[in-house]
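Protein chains: 2
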Amino acid sequence: MNLEPKILLMSDLELDRARAQAAVDTVLPIRRYEDRAKAAGLERPGVADALCELLEERLIRSLLVPGGFAVEYADRLRERGLTLTVKPEPFFEGRLVKSPSEVEAITAALRRTEAAMDAAVGAIREAEVRDDLLWWQGRVLTAEEIKRLIARQLLDDGLIAQHTIVACGEDGCDPHNEGSGPLRPGRSIIIDIFPRDMETRYFGDLTRTVVKGRAPEALRRIYHAVLAGQECAFRSIRDGAEGEVVHQAVQRTLEENGFQTGEVDGRMQGFFHGTGHGLGLDIHELPRVSKAKATLRAGNVVTVEPGLYYPAVGGVRIEDVVVVTEGGCRNLTKYPKELEV
Amino acid sequence: MNLEPKILLMSDLELDRARAQAAVDTVLPIRRYEDRAKAAGLERPGVADALCELLEERLIRSLLVPGGFAVEYADRLRERGLTLTVKPEPFFEGRLVKSPSEVEAITAALRRTEAAMDAAVGAIREAEVRDDLLWWQGRVLTAEEIKRLIARQLLDDGLIAQHTIVACGEDGCDPHNEGSGPLRPGRSIIIDIFPRDMETRYFGDLTRTVVKGRAPEALRRIYHAVLAGQECAFRSIRDGAEGEVVHQAVQRTLEENGFQTGEVDGRMQGFFHGTGHGLGLDIHELPRVSKAKATLRAGNVVTVEPGLYYPAVGGVRIEDVVVVTEGGCRNLTKYPKELEV
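So the sequence lines, in the order shown, correspond to chains A and B. Under numbering that gives the first Met the number 0, the first residue of the first sequence carries the number 0, and numbering increases by one thereafter. Under numbering that gives the first Met the number 0, the first residue of the second sequence carries the number 0, and numbering increases by one thereafter.
Worth double-checking, as some hints may not be accurate.
Identical copies go unnamed one by one, so any copy, or any two together, can satisfy a pair.
[What the hints assert, rightly or not] SDA-like mimics (lysine to any residue), calculated; alpha carbons at most 25 Å apart, straight line: (1) 86 to 66; (2) 37 to 181; (3) 292 to 45; (4) 5 to 69; (5) 86 to 69; (6) 292 to 244; (7) 336 to 263.
The set of hints was computed from the structure by calculation and includes no laboratory data.
Could you build the full structure based on these sequences and the hints that come with them?
Here's what the structure looks like:
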């Protein structure tokens, strides 16, 4: 229990809105403390100087700041005699474990992300194949067009999507390539959508990989290995599990299915990202399910998104979102997994 | 001229894309330096530890970092013997003065912002007034509906808008209130749109204030004072002008027109934000045209957006974007200024 009063120091511009909306005990004008600093002889007091005036008034001599706190402010505060303790992420530990209403907000964002995925997959499904291209509504279907479909559907639902990935063939072999140009049959198309609900501010996150028409045997094998990797994570995740151990189990499953990871001809291939990450008010939160140290706790909401990427064959990534429970995890994602459409 | 090689230290996930896209001399895998730190005895090296290995390899003992650099990394680097010099913004001074192609990108973003403004103003113009409400296409016209129109138009044009303001009546008296609910005739409606071009990454920024039907005399007087304030800024801005002096001249113009600024009944009213800010790859850049110290230089691109806000009367803000020139400034914004629609 934290009995310290919560104080917000705001500019004139934000003062009224902060008073009306912020969940704090007191909103104070930064102007008041800038004026005091000026009265004390500083010609152009900065934010840190105004803060010092407030801290003096409250007889506070030591501060806890997040790891990402700006060094220019830290240096100024220390110069003025304050003691800073730097707390690495998570600064607000309460954000790690989601309340039922937070899980609900994430689930609501996910449902609408699924609707956008369905608009995308629907267009690919409806498209006709001609000259090694996809044709839809009289035009060659491109990654850009699918991204527009996704963005429009989300916007109508009150979500905003940025950096949506629609990556076909070679584009998909780089997990963060956003994709461009015509979509082609027989190649993997990775669709990764992670929009934010403009009202609740929570994120959804969903990835599916599809192929228009028949998938080559090599892609089918990759797809089933990734599915097996995801199932392995679902089985391993529970309250008390180490993220690193879950991630290693996924890596092992992919290897046992015949898929190695490493640098080939100067380029990474295989499974070279984390298994997942926390999801909430930020798209990437703690805990991570990766090689980093992190113990999973009931109420964590994390993505489970193994992937395999092999130049000249293609990339596959499949991503659901789960909430960690005492004995395992509950999948919040409902969207089906189907390779060929 | 900077002859130091530019090095990017990247995770495996971003390595290939960085090599393909980044304007640097070398892209190196952070993994290599993490491995060295481990070999040197650190069990779980952090980013700063990996960086130290690289700096040791390059015989670098001192660093220039931006003011916003994370204190946790700064502390770790200093602990390991590095000397840090903290440079406040602007860290990259080249961003202050825009090249012709940057001005072009901002202008292109502005044109499409104007098209979105036109969709918004067009709907208000077309709306019918009934029962002190605006009706459009069979429904009560709301701030939310106008924001959807704006977002859709921008999305189709390749821009993404967040936090668009459509604030009617009392909502508009708080300059950062995004606005909600039904729009009403005879009240000021502030529309502030600042989208980012998803391709060039440059921002546009445009504000207009309109009234459906006849504006009350008090609002008309405010509107003309704000216009006079903006004209005053246009006349004052030039290479070598002090942002603070321009801002004070605008303040004086508003006062001479009879509009005072200050706290009334515990709430700010009048003109209580800056006159403008730099615009570019960020929505808020240096230089500011405000009470802060800043000398304007030819090639700076800044907004000029005086406003007046009086509870029970309404808010008015009018915003254009100008590029500073040797002898004055050139207005990049073309959208008309018309109070009654």
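Tested hints:
| no. | hint | verdict |
| --- | --- | --- |
| 1 | 86 to 66 | both (5 Å within a copy, 19 Å between copies) |
| 2 | 37 to 181 | neither (61 Å within a copy, 45 Å between copies) |
| 3 | 292 to 45 | between (38 Å within a copy, 12 Å between copies) |
| 4 | 5 to 69 | both (21 Å within a copy, 23 Å between copies) |
| 5 | 86 to 69 | both (13 Å within a copy, 11 Å between copies) |
| 6 | 292 to 244 | within (9 Å within a copy, 54 Å between copies) |
| 7 | 336 to 263 | neither (30 Å within a copy, 60 Å between copies) |
The structure shown violates the earlier hints numbered 2, 7.
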